[in-house]
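Number of protein chains: 4
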Amino acid sequence: MTDNKLKVGILGASGYTGADLVRLAASHPNMQLSVLTANSHAGKKYADVYPHLANMNLPDLIKIEDANWADLDVIFCGLPHGTTQKIVASLPKHVKVIDLSADFRLRNTETYNEWYGHQHFAPELQKGAVYGLSEHYRDDIKNANLVACPGCYPTAVLLLLIPLLKAKLLDEKSLIIDAKSGLTGAGRGLKLNTLFAEAGESMSVYGVAGHRHAPEIEQELSVALGSDVQVSFTPHLIPMSRGEFISTYANVAAGVDINDIKNCLRQAYLDEPFVRLQTDGAGIGTQYVRGSNHCLLSAHQDRIDGRVILFSTLDNLVKGSSGQAIQNMNIMFGFEETLGLTQQPMFP
Amino acid sequence: MTDNKLKVGILGASGYTGADLVRLAASHPNMQLSVLTANSHAGKKYADVYPHLANMNLPDLIKIEDANWADLDVIFCGLPHGTTQKIVASLPKHVKVIDLSADFRLRNTETYNEWYGHQHFAPELQKGAVYGLSEHYRDDIKNANLVACPGCYPTAVLLLLIPLLKAKLLDEKSLIIDAKSGLTGAGRGLKLNTLFAEAGESMSVYGVAGHRHAPEIEQELSVALGSDVQVSFTPHLIPMSRGEFISTYANVAAGVDINDIKNCLRQAYLDEPFVRLQTDGAGIGTQYVRGSNHCLLSAHQDRIDGRVILFSTLDNLVKGSSGQAIQNMNIMFGFEETLGLTQQPMFP
Amino acid sequence: MTDNKLKVGILGASGYTGADLVRLAASHPNMQLSVLTANSHAGKKYADVYPHLANMNLPDLIKIEDANWADLDVIFCGLPHGTTQKIVASLPKHVKVIDLSADFRLRNTETYNEWYGHQHFAPELQKGAVYGLSEHYRDDIKNANLVACPGCYPTAVLLLLIPLLKAKLLDEKSLIIDAKSGLTGAGRGLKLNTLFAEAGESMSVYGVAGHRHAPEIEQELSVALGSDVQVSFTPHLIPMSRGEFISTYANVAAGVDINDIKNCLRQAYLDEPFVRLQTDGAGIGTQYVRGSNHCLLSAHQDRIDGRVILFSTLDNLVKGSSGQAIQNMNIMFGFEETLGLTQQPMFP
Amino acid sequence: MTDNKLKVGILGASGYTGADLVRLAASHPNMQLSVLTANSHAGKKYADVYPHLANMNLPDLIKIEDANWADLDVIFCGLPHGTTQKIVASLPKHVKVIDLSADFRLRNTETYNEWYGHQHFAPELQKGAVYGLSEHYRDDIKNANLVACPGCYPTAVLLLLIPLLKAKLLDEKSLIIDAKSGLTGAGRGLKLNTLFAEAGESMSVYGVAGHRHAPEIEQELSVALGSDVQVSFTPHLIPMSRGEFISTYANVAAGVDINDIKNCLRQAYLDEPFVRLQTDGAGIGTQYVRGSNHCLLSAHQDRIDGRVILFSTLDNLVKGSSGQAIQNMNIMFGFEETLGLTQQPMFP
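Protein chains in written order, with my numbering: chain P, 10 to 357; chain X, 10 to 357; chain V, 10 to 357; chain L, 10 to 357.
Calculated from the structure, these hints are not laboratory results. Please read all numbers here as calculations on a predicted model, not as lab measurements. Check each hint, because a few of them may be wrong.
No copy labels: a pair is met if it fits in one copy or bridges any two.
What the hints assert, rightly or not - For lysine-lysine, the following BS3-like pairs were computed, each having C-alpha atoms within a straight-line distance of at most 30 Å:
#1 Lys271 <-> Lys182
#2 Lys54 <-> Lys271
#3 Lys200 <-> Lys72
#4 Lys53 <-> Lys16
#5 Lys95 <-> Lys14
#6 Lys53 <-> Lys200
#7 Lys271 <-> Lys53
#8 Lys54 <-> Lys200
#9 Lys136 <-> Lys72
Kindly produce the complete structure, drawing on both the sequences and the hints.
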């Protein structure tokens, strides 16, 4: 690191996550993008793949095997699951790794094997990985060499529920999570159901009772509570590009009321720059976080006694992915945590 | 009724519901639109208000007080709640009324008063009103003079849950309904949150724990079960024009499994032309019902034992409103029930 | 043809054009869908490919080579260009063919070869093909065995300009056509730029000075005028699924004014059920034709003397494709021309 | 101005332009938002009107008459046309004014009176106003006390055409401008045609031969050429929130070819950070500028000899409004011109 700038590599830079990392890096004073890989686009200019970033002075895309790791301080990995494990295992020790894939999120490699359909390739690395939910694992992230950034859905769910389960305010057997996501959550791959003509003016459900973010959510809620938690988790596809909205239904623990819930959430994030409980009367929607690293929360008493309705919303490509990854980088390298992340939401 | 055509009036014809009634009437061999009222647009051609229907040969818009009821066989009322009660009370007896407002949906006028904020103006008419959920009140509708068409959300929810509660397959205390609707559900009035620039690329929640469709849903579920039912009901606004999608989470009754649920729904609608349980593997989404009078259902076992996830989708302006109203008219006048309603969904 | 129903085949039934043919056929009393081919989906139920049409009783998808032509009265071809020529050449003589591809639109096979990059495979069939712009080639279509339906852009442009060029009201050297289309115009193939996340909230231009609909437009305008016409034609991609909007800029011929233009268009389509000149003050937009076989026209004097601004709009999948194809079938078989095509536009 | 921060007022801060000024100011190191006015929302927190900006520490909204001008260095005016003239006339002399309305754009007050329907209220101020097209009036802006920022359409058109007319490369009688805009261009007022249900999945034309941006475009093109220019200008409404796309058709001057056009545009903006000619083969669309202060240009030879097709795109709320206003502020106060405007486009 010369002149205070980190030399940064992005592996798998041709996905939407990669593009948003590059976009955000443009506003970060301490990031120098030195290596951008995308095996299927190797040799191209980055602007050929993402014309909106043609104004930036970026290195051309290369293959992973052509990257010179020696010069790098940190890499962001946005590779398909499975792939990252082998590559990370082969990196020089001095390079810190911020992984945006699912490869190191599950502490239990058995659970990984079951949900991802193959044996984990680097179980020993898994042991050293830190779960990168910035607000809740800040101290561990500070000293980590390998940070596994949470999935977009888990980020939104966990920021909402971890404080409440830690404080034992909810009946953990009652958690029902109805999740909604825009189309970028499905990635840039060519799939029939993500065509404009199919997804526009339409909404549908997918991955019923089988989405891979469920075990990740359960893992972290179990840590928070101190015992096993299982949740209903059902994701829906919404005709918008960015944004994620979580509606959670739960029964409160005995003696708890809605004010306890609100106070707990307000206290938990009082000094956090990116997470905020909406005041009563303020609405909540994806339009209030679009393009920013913000996460908004909201809590309501249901008409049925003992039941509460809780909401959480974020931009899946920012706080749900690239933004939180940069937030973790800031923590790992001792920068101010908001550095490069102060862009306000873009509305309309 | 000469030449087998009903003389039809539409009161409040300038709303989206009115426009879709007119659109569907164009394909109905037995409907002659004789009176179209819209007090704020009286004197205009209908094409001035809805240019897409300029090809039809329609009467001009008039004020309600200028309508000649004597010639009419049936009227559809799409007026704001409260208004309809007085008007219906003043109509000649021979005119059958199909009401699309909320005025006669709630059997208990106390409940009406509480949720709608004023004393019901025609409680004696309320007693004679039939709840127009076609598939479940067909026999009553046949002989009714006043049919209160269900709200769009209740239609979607009740088609899904009535058979299951009747058969006592669900724990009625566990019902959590997460509802999603497109923008036409909010009507044609000018509201900030329904502007394209506000609602596009955005989703949000509204009416948390206070939506007026909740008591209507509870009323009919209680009838189905034979005892009081209360539900969590939370509606969300989705950036699309048409379509409604209901995600329901429930615990099954003791000894019941997912196959019982599926069999019950399949049997309930085996001979119904407009309601269908999706087979396993077939997706479910608003795009499969857009513009049609269809309602699709789908049932799934959750990962958590004893819990099921149920979906329902329809076009809020058709099966959720104008289409079901015409279906009811067909029943009331002894026509084939599908008459004028055989248009297939429009996708993309 | 028994019981007055045509036995109909659709080749290439898995595209959007095929799906809209099937949708419209559901409302046509004289069409029986007997053969549906889609080589890449052969063996599947049609509902597996288009779930929104699961309510219809349709034959399964088969390969073209497995079709039994003997029983068919008419086939609609929605195959990629090039393919149709060979297949049509091999059909039994009694089967009438309505082609929706570009294979037989260009009378001059040299022009075809140049724009489509290969020698025409059936130049002798080309000679017998009739250009299926219903309103202008009605008499030829009546007796045709092979009708080449116009492209979506040409349909919109030609309905607007043919009457004006025939009447010599415009300076044919001045024609500038700025075309806008929704995403279904790009078909159901998987392309990066038609993903929701790429095309949503975006508009762009494509095929500048090289779109294959240009020579087709020029061919027919030249016929109308009686001498060669060349046009500027520039298509744009708009974030909507259906709809096409044409803005044309032209200088009038000497002594002509805007009223001549309006009168000419009004007269030309006075008795046409599907084409209409908007009156002054009425707006024009794709929302007024969506889902219908309608085409709307509009004509305006520019601020610059001698220049006029002309608009045309239609649904690319209906009047721009499947609807006009059925209109042509009605003409070919002596049915009322509007049969099965009376659905009104769907707005919103 | 203490601590190098300008004390900034925004008049009419409740429109979309105001909101984007506030959003961009959050990333500008030298702007302190001291006064925000919105007469109809006076007394509210800014977050009540724009919840997405609740994270910023902003003054509450006040009435214009309650503003303390003495402390301010610069004000941005986003008021309806007509209003600004009186207010600006009453301000203390030390306050620099950057006006985003149409009030001071037209040098000829006769033209203003004609197009805006009332006598100009401050014709003497008009004389001192500088037209704020940053790249072309930089020197004048530097010394101005009153800058009239161009309209969104004029910005896009003029950046494209001024260099070409200055260099006399185009036949100025041949200019045809087909403009497309997203819905934010229509403002935050409640209008039927800007509802999601009306504008979504739809496109239409408006203001044919009568849009107020036409005289502004003609004024500046006439200055560039040195003699009177008249253009055809036709705006269309596109179903997206942000973005503007201009398609211009023109004949080249004698002896000019497309390379001359490209070279001229490339040279004109070689050192400009915000304006760029796309290279051949690179696409052009609103998605490549969304949320940024960028303007992209593109030039193409038509199939017709002597005719060229030119494109221009920008975000109407940024380079077309708030972004250019801040760029002008940077010029007026001697800051680096890109200060606070380095955010990259947001795609998807």
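Outcome of the hint check:
In this assembly of identical chains, the alpha carbons of lysine 271 and lysine 182 lie at most 30 Å apart whether taken from the same copy (20 Å) or from different copies (25 Å). Taking CA atoms no more than 30 Å apart as the test, lysine 54 paired with lysine 271 passes between copies only; the shortest distance there is 22 Å, against 49 Å inside one copy. When the C-alpha separation of lysine 200 and lysine 72 is checked against a cutoff of 30 Å, the pair qualifies both within a copy, at 24 Å, and between copies, at 24 Å. Taking identical chains as interchangeable, the C-alpha atoms of lysine 53 and lysine 16 lie at most 30 Å apart only when both belong to the same chain, with a minimum of 21 Å there against 46 Å between chains.
Taking CA atoms no more than 30 Å apart as the test, lysine 95 paired with lysine 14 passes inside one copy only; the shortest distance there is 28 Å, against 51 Å between copies. Within a single copy, lysine 53 and lysine 200 get their C-alpha atoms as close as 24 Å, and across copies as close as 19 Å, so both meet the 30 Å cut-off. For the identical chains of this complex, lysine 271 and lysine 53 are inter-copy neighbours only, at 24 Å across copies versus 50 Å inside a copy, given an alpha-carbon limit of 30 Å. For the identical chains of this complex, lysine 54 and lysine 200 are neighbours both inside a copy (25 Å) and across copies (20 Å), given an alpha-carbon limit of 30 Å.
In this assembly of identical chains, lysine 136 and lysine 72 lie within 30 Å of each other by CA distance solely inside one copy; the values are 28 Å within and 53 Å between copies.
When the structure is compared with the earlier hints, no violation turns up for any of them.
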